[in-house]
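> Since the structure of chain A is already known, use the hints to place chain B on it.
Below, each chain spelled out in residue letters.
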Amino acid sequence: MSLPATSAPPLSPPSTGRPPSRRRRADRLARLDLRYSPYLYIAPFFIIFGIFGLYPMARTAWMSLHDWNLVGEHTFIGLDNYVALLSDEYFWNAVVNTFGIFLLATIPQLLAALFLANLLNRTRLRGLTFWRMAIFVPNVTSVAAVGIVFAMLFQRDFGLVNWLLGLLGIDAIDWSAHRWSSWTAIALMVDWRWTGYNTLILLAGMQAIPRVLYEAAAIDGASQWRQFWRITLPQLTPTFAFVVIISTIGGLQLFTEPLIFGNGRVRGGSQREFQTLAMYMYEKGIENLTTAGYGAAIAWAIFLLILVASAVNFLLIRRTAK
Amino acid sequence: MVAASQRLWRASPLTYLALIFAVLLSIYPFYYMIVIGTRSLDAINSVPPPVTPGGAFRDNFARVLDNDAANFLTGLRNSLIVSTVVTVSVMFTSTLAGFTFAKLRFTGRNILLLAVVVTMMVPTQLNIIPLWGMMQDFGWHDTLYAVTVPFLTTAFGVVMMRQYAIQAVPDELIEAARVDGCHTLRTYWHVVLPALRPAAGVLGLLTFMETWNLFLWPYAVLTPENPTLQVSLAFLSYAYYTDYSQVFVATVVGTLPLLFVFILFGRQIIAGIMEGAIKS
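Residue numbers (the working numbering), protein chains in the order written: chain A, 955 to 1276; chain B, 89 to 368.
Think of the hints as simulated: they come from the structure by calculation, not from any bench. Don't take every hint at face value.
Sample of chain A residues lacking proximity to chain B, with all beta carbon distances greater than 10 Å (derived) [to be verified]:
(1) Arg982
(2) Glu1043
(3) Trp1046
(4) Leu1064
(5) His1132
(6) Gln1178
(7) Thr1191
(8) Gln1225
(9) Thr1274
Residues from chain B that face chain A, not an exhaustive set, calculated with beta carbons under 10 Å [to be verified]:
(10) Ala99
(11) Ala110
(12) Ser134
(13) Leu164
(14) Thr181
(15) Pro211
(16) Leu219
(17) Leu232
(18) His271
(19) Ala308
(20) Val309
(21) Thr311
(22) Ile358
Across the chosen pairs, the derived CB separations fall in these ranges [what the hints assert, rightly or not]:
(23) A/Pro1192 x B/Asn133: 46 to 56 Å
(24) A/Asn1023 x B/Val176: 35 to 45 Å
(25) B/Ala203 x A/Leu1118: 49 to 59 Å
(26) A/Arg1219 x B/Val139: 28 to 38 Å
(27) B/Val176 x A/Arg978: 36 to 46 Å
(28) A/Tyr1036 x B/Thr162: 19 to 29 Å
(29) A/Asn1217 x B/Glu313: 53 to 63 Å
All C-beta atoms in this analysis are idealised placements derived from N, C-alpha and C, irrespective of residue type, glycine included.
With the rest of the complex left out, here is chain A:
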């Protein structure tokens, strides 16, 4: 890390030598600078966010109250889109799929991450950087690449997974044709990409636990398992909450993996076996521009579901920790 003081070039000469009038002007400029330039420096963020974040968000809300054609007319219909959503079986199908894949992916993933983080947290482990990098590397790959590779691994006729199952005497499975099998394949893609990331976050949390706690427990004769249950896990609660909420936000927006798994068809399987909420929104709002208002209502529904699910998860973790 470089020392800032040494890398700074000579600053402008002290102002004492200047004529009084110029000095007054310089003072005034300096005051103006201190007062107003901060706004200038944060302006780029707020301008970009205003145009491409806040405005579209409000517009999504506005559109959701209309029968809106993205390339044509629109008429105000109040909450009709939301009412229609409540009795839309495809919407509820997508809700079930999204939460199903989310649970199927997240629970094993967090357990695996906890296990791996605990391995990496052991004393006298050699090659720590190598292990961390090797476990994290799937996260560097693009989702499109992950989708392509896993679609191939789960291919019915010559995919590796079916070949391995064949060795065990199990008949080839048409992974994309059933609900449970497509969910499993998609959940595995998510897990492959995100377990390493969550491992690192949990490891960071473990390393921040004060060592004296363990030393005190060891003096009291607490076994290593007991230390894990009584010290590591409770101390890890905030980190765990962070990981769970990040996974919830990502999981409820799942889009690319099921899309590529289904060969680009946004309906996700012939009977919509694995169409997620994000895919349903895409189908209604972008693929069919005439139903953009309905798509906008789905977008807000996803956002609300994320908020509710995050809050529920947060409370659950807080309660279990107590």
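Coordinates of chain B only, in the frame set by chain A:
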């Protein structure tokens, strides 16, 4: 006395065994990509499946290059342009705004900072339908503007740089520069930026990887005529899903730039992610 080794578990041969197993699982799909991408098409049907790379890389890649439906090279070039521009812009705007929030005093600072933090929670999906319409209005449909301009700043970057600036840039240094008649922008450039360099580097790496891997929005707003790499890969896989060798060799080549970055800077990237987790 209690030996230090009483503290939690020590690494044992079993630890290494479990880690090796985990690493094999995380590396295998990459290896599989290379195996299929470097073999001719009929290797796929062979039983047992092939486990070593073959020599058909050039053949397969030539088919990718000849393929007008996916415009792979255009995608590669577009992704390099977009990721570079976004990375440079995010690094610049985040360090400037982060320094401002950390070290300068101005009315409304806290409420504006809170606004930045809140914006981190807005998912892209909430925006894409009207954004799509806006791109039509701007005439940005199927252009690189559509996938660059909305990403030129990030709330994450501003917050990360602010956290870092608080501890990395001593107030005395800013004060000294000011007494010497330094304009705040000069202070930023000559005093603050050098001090923020390590963290800005990590932010740059994370931004580059994230931009390179963006999918949903580019997919919605670009066409196979002028795609980013990810969009090109997706269309390649839909159209040629029987020519696995071709799709896989494109996937290998499309993954290499990021793997290269990761092998060079993985240590810093990982340190950045782990530090970020503790602070938040």
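> Just pull the numbers of the violated hints for me, sorted ascending.
Failing hints, ascending: 6, 13, 17, 21, 28, 29.
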